[in-house]
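**Student:** Here is how the chains run, residue by residue.
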Amino acid sequence: MVNLDDLKKEAKRILQDDKVKYVVGYTRSSAGPLASPVFIEDPEKIGELIWDASCVQNLAKFLLDEKRRKGRAKKPDTRPIAIVVKGCDSRSVNVLLQEKYIERKDVFLLGVSCEDLGVVDQKKIAQRFEGKTIQDIKFDLSPELAVTTEDGTVKLPIQEVLADRCLECQANFPVVYDVLLGDKSRKKVDEPFGSLEEIESMAAPQRWEFWQEQLGKCVRCYACRSACPMCYCDECVVDTIAFAVAADTSAEEKAQKIKWIEKSPTKSENFGYHMVRAIHLAGRCIDCGECERVCPVSIPLRHLNKKLEKAAKQLFDYNAGFEPDKPALVSSFRDEDPEDFIR
Amino acid sequence: MDMILQKKSLAPWLERLEGYDIYAPVRQDDIWNYAHVTDGRDIDLGYPNTVQSPKPIIFPQCETILEFSASEDGTPVMREVIPEPNPFVVLGMRPCDARALTLYDKVFGGDIKDPYYWKRREKGILVGLACTVPPSPNCFCPTVDGSPCSTDGLDILLTDLEDRYYVESLTKKGENLLNDAKTLFKAPTAAENKAAARIKSESEKKINRQVRQLAEVPPKLAGMFDASLWDEEAMSCLRCGICTYLCPTCHCFDIADELSSSSPLKGRRIRNWDTCQFPDFTMHSSGHNPRPDKASRLRQRILHKFHYFVVNHEAYQCTGCGRCISLCPVGIDIIEVLDKVRDYA
Numbered sequence: 013m014v015n016l017d018d019l020k021k022e023a024k025r026i027l028q029d030d031k032v033k034y035v036v037g038y039t040r041s042s043a044g045p046l047a048s049p050v051f052i053e054d055p056e057k058i059g060e061l062i063w064d065a066s067c068v069q070n071l072a073k074f075l076l077d078e079k080r081r082k083g084r085a086k087k088p089d090t091r092p093i094a095i096v097v098k099g100c101d102s103r104s105v106n107v108l109l110q111e112k113y114i115e116r117k118d119v120f121l122l123g124v125s126c127e128d129l130g131v132v133d134q135k136k137i138a139q140r141f142e143g144k145t146i147q148d149i150k151f152d153l154s155p156e157l158a159v160t161t162e163d164g165t166v167k168l169p170i171q172e173v174l175a176d177r178c179l180e181c182q183a184n185f186p187v188v189y190d191v192l193l194g195d196k197s198r199k200k201v202d203e204p205f206g207s208l209e210e211i212e213s214m215a216a217p218q219r220w221e222f223w224q225e226q227l228g229k230c231v232r233c234y235a236c237r238s239a240c241p242m243c244y245c246d247e248c249v250v251d252t253i254a255f256a257v258a259a260d261t262s263a264e265e266k267a268q269k270i271k272w273i274e275k276s277p278t279k280s281e282n283f284g285y286h287m288v289r290a291i292h293l294a295g296r297c298i299d300c301g302e303c304e305r306v307c308p309v310s311i312p313l314r315h316l317n318k319k320l321e322k323a324a325k326q327l328f329d330y331n332a333g334f335e336p337d338k339p340a341l342v343s344s345f346r347d348e349d350p351e352d353f354i355r
Numbered sequence: 027m028d029m030i031l032q033k034k035s036l037a038p039w040l041e042r043l044e045g046y047d048i049y050a051p052v053r054q055d056d057i058w059n060y061a062h063v064t065d066g067r068d069i070d071l072g073y074p075n076t077v078q079s080p081k082p083i084i085f086p087q088c089e090t091i092l093e094f095s096a097s098e099d100g101t102p103v104m105r106e107v108i109p110e111p112n113p114f115v116v117l118g119m120r121p122c123d124a125r126a127l128t129l130y131d132k133v134f135g136g137d138i139k140d141p142y143y144w145k146r147r148e149k150g151i152l153v154g155l156a157c158t159v160p161p162s163p164n165c166f167c168p169t170v171d172g173s174p175c176s177t178d179g180l181d182i183l184l185t186d187l188e189d190r191y192y193v194e195s196l197t198k199k200g201e202n203l204l205n206d207a208k209t210l211f212k213a214p215t216a217a218e219n220k221a222a223a224r225i226k227s228e229s230e231k232k233i234n235r236q237v238r239q240l241a242e243v244p245p246k247l248a249g250m251f252d253a254s255l256w257d258e259e260a261m262s263c264l265r266c267g268i269c270t271y272l273c274p275t276c277h278c279f280d281i282a283d284e285l286s287s288s289s290p291l292k293g294r295r296i297r298n299w300d301t302c303q304f305p306d307f308t309m310h311s312s313g314h315n316p317r318p319d320k321a322s323r324l325r326q327r328i329l330h331k332f333h334y335f336v337v338n339h340e341a342y343q344c345t346g347c348g349r350c351i352s353l354c355p356v357g358i359d360i361i362e363v364l365d366k367v368r369d370y371a
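Those protein sequence lines, which keep their order, are chains A and B. Under my numbering, the residue at position 274 of the first sequence is numbered 286, and the numbers go up by one with no gaps. Under my numbering, the residue at position 283 of the second sequence is numbered 309, and the numbers go up by one with no gaps.
Derived by calculation from the structure, the hints in this document are not laboratory data. Heads up, a few of these hints could be off.
Said to hold, decoys possible - Restricting the straight-line Cα-Cα distance to at most 27 Å, the calculated cross-link-like pairs of lysine-lysine (BS3-like) are:
{"hint": "1", "chain 1": "A", "residue 1": "Lys33", "chain 2": "B", "residue 2": "Lys34"}
{"hint": "2", "chain 1": "A", "residue 1": "Lys57", "chain 2": "B", "residue 2": "Lys366"}
{"hint": "3", "chain 1": "A", "residue 1": "Lys144", "chain 2": "B", "residue 2": "Lys366"}
{"hint": "4", "chain 1": "B", "residue 1": "Lys232", "chain 2": "A", "residue 2": "Lys167"}
{"hint": "5", "chain 1": "B", "residue 1": "Lys149", "chain 2": "A", "residue 2": "Lys229"}
None of the values given here were measured: they were computed from a predicted structure.
Take these sequences, add in the hints, and give me the full structure.
**Tutor:** What follows is the structure, given as structure tokens:
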């Protein structure tokens with residue numbers, strides 16, 4: 013079991029020793045039952061930290077902000093920042109290291125093990141209490157939750173409302189860390205790609221229809237891209253200014269810019285966006301599932317990424333985020349790589 | 027004119043509304059949203075809150091404003107496209123979302139009237155549903171001068187009396203809609219009048235969230251452009267568009283030309299929603315961005331809603347629906363931000 017006091021102690025120590033600029037962790041939120049990211053510079057404020065099944069966000073995303081901030085500063089503060097990482101989040105740090113987006117000295121990793129649980133899916137909890145307004149959820153009774161509605165408080169095993177990503181988890185404890193809290197025994201997952209069964213069983217026309225409907229809902233808020241630690245491009249194909257414009261970029265260069273995807277949220281453009289994103293995540297996505305969680309219109313985005321994760325595993329025996337010193341899947345070649353799909 | 031409609035008469039009433047398109051909350055994949063409904067029996071007004079307000083019915087996310095093509099001699103030909111919607115009814119609209127339209131009226135009205143907006147706005151009859159229970163734990167409409175049974179912007183307001191609705195027609199349009207199906211409605215009894223009044227007076231007390239002394243915020247904001255608060259509050263922001271795209275009062279858009287063919291030339295000029303939360307919203311063609319970071323973008327969202335709009339239109343540009351709070355991936359809470367602004371030293 014992760015002892016929250018130990019986490020606070022470690023976080024406080026590195027702040028007091030001036031080892032890190034600030035600590036990014038989780039705290040209780042006024043916005044709802046799920047945790048919010050918190051940024052702590054003052055060691056005296058370390059009491060704000062929490063750790064429980066509401067800590068859904070992948071805080072590795074904030075390594076991207078920090079890199080941008082350093083890039084903008086005239087005299088950047090080069091001290092590392094500390095982030096609290098779950099197993100999945102630590103895999104995304106590994107991918108960032110592998111791709112040389114960050115260096116290991118840029119980050120201090122406060123690893124926390126999910127042990128045999130994980131994080132909750134708020135929608136699953138809502139389904140359990142259909143028609144009721146959930147007033148409060150207490151997470152500190154692990155392995156149970158206490159959910160309060162107008163009818164009173166009910167206890168519920170966290171196991172029953174775990175996020176799908178946790179049911180298919182391949183790293184229930186961090187694979188890279190500076191400090192590790194909690195148990196390091198592997199959780200057994202029977203069906204790492206079980207969630208794909210239904211969609212894989214559909215005939216192609218049916219699958220096409222399914223995605224037409226799902227991606228037709230997209231409002232292009234780009235929350236999926238925004239929450240993803242692997243989406244770190246300075247220029248994204250969907251943005252209206254999709255290349256880095258500088259003061260010396262000529263008018264001609266701007267005029268010649270190809271508009272790959274229009275801004276209009278039509279089905280074809282939405283497809284363009286989501287397919288580009290999925291392909292760019294092939295062999296990189298570590299299934300933190302944040303894209304799907306943050307989607308306000310419930311598009312099952314994990315299906316796309318999971319399918320590519322499965323392809324990487326089956327075709328190349330590759331699992332993203334475990335071996336940062338080895339070449340990345342899409343930038344390496346072996347003679348024995350399968351090529352029967354190249355036509 | 028106040029009437030009573032039995033719940034079982036809701037579908038028959040809608041069937042009588044020939045010639046109207048009907049929009050109502052519909053559930054799909056665990057979320058509720060407004061959709062065009064063809065069978066009145068599909069309607070369930072016991073929904074919590076829709077993810078999106080009904081704003082796209084009147085202000086669609088993507089709208090063609092003109093079409094262009096090349097004529098035979100190569101000169102471009104342009105054709106203005108003005109929407110000609112059917113008359114429509116929005117059923118079950120929450121009072122906050124209806125009030126949001128009264129704010130849009132200020133933005134799209136004034137000296138220059140936006141034809142695309144008004145063509146739809148004028149064809150719509152808005153049937154509201156009083157919130158006897160707050161549809162979201164983050165509801166805070168009373169703070170921003172609203173109420174769970176506000177009639178602002180509505181043509182009819184329904185109040186749920188268990189097996190029946192208390193029906194208030196508030197405008198001529200609303201009255202006509204009831205007259206079209208007169209036999210389904212009856213006059214309320216004294217007990218029903220009393221029950222409706224009681225439910226309404228209790229509804230506000232069920233709202234848990236508020237910003238104290240919000241009136242202090244707009245003048246305070248005037249001097250907070252360079253405050254360090256924005257950096258702190260925006261630290262966790264992910265730069266997505268949820269808070270603004272799902273806001274019933276946000277109305278910014280971008281105009282672009284989209285080609286369906288470059289030779290021969292054919293395409294359309296469209297306007298799409300845009301948001302101050304995207305980095306390219308204020309990007310100049312020189313590459314300079316006057317709002318270069320997320321702190322400046324969060325500041326813009328708050329200043330627009332609680333300072334600029336108040337100066338220009340004498341109203342908060344927020345109706346307290348709570349969507350931006352509940353749906354923010356990192357829990358940025360506008361109530362908390364406003365509290366901090368008020369207390370900022």
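**Student:** Could you run down the list of hints and mark each one as holding or not?
**Tutor:** Tested hints:
1. Lys33/A with Lys34/B: Not satisfied, since the Cα-Cα distance of roughly 63 Å exceeds 27 Å.
2. Lys57/A with Lys366/B: holds, 18 Å
3. Lys144/A with Lys366/B: Not satisfied, since the Cα-Cα distance of roughly 31 Å exceeds 27 Å.
4. Lys232/B with Lys167/A: With a Cα-Cα distance of about 24 Å, the restraint between lysine 232/B and lysine 167/A holds, given a limit of 27 Å.
5. Lys149/B with Lys229/A: holds, 25 Å
In this structure, the earlier hints numbered 1, 3 are contradicted, and the remaining ones agree with it.
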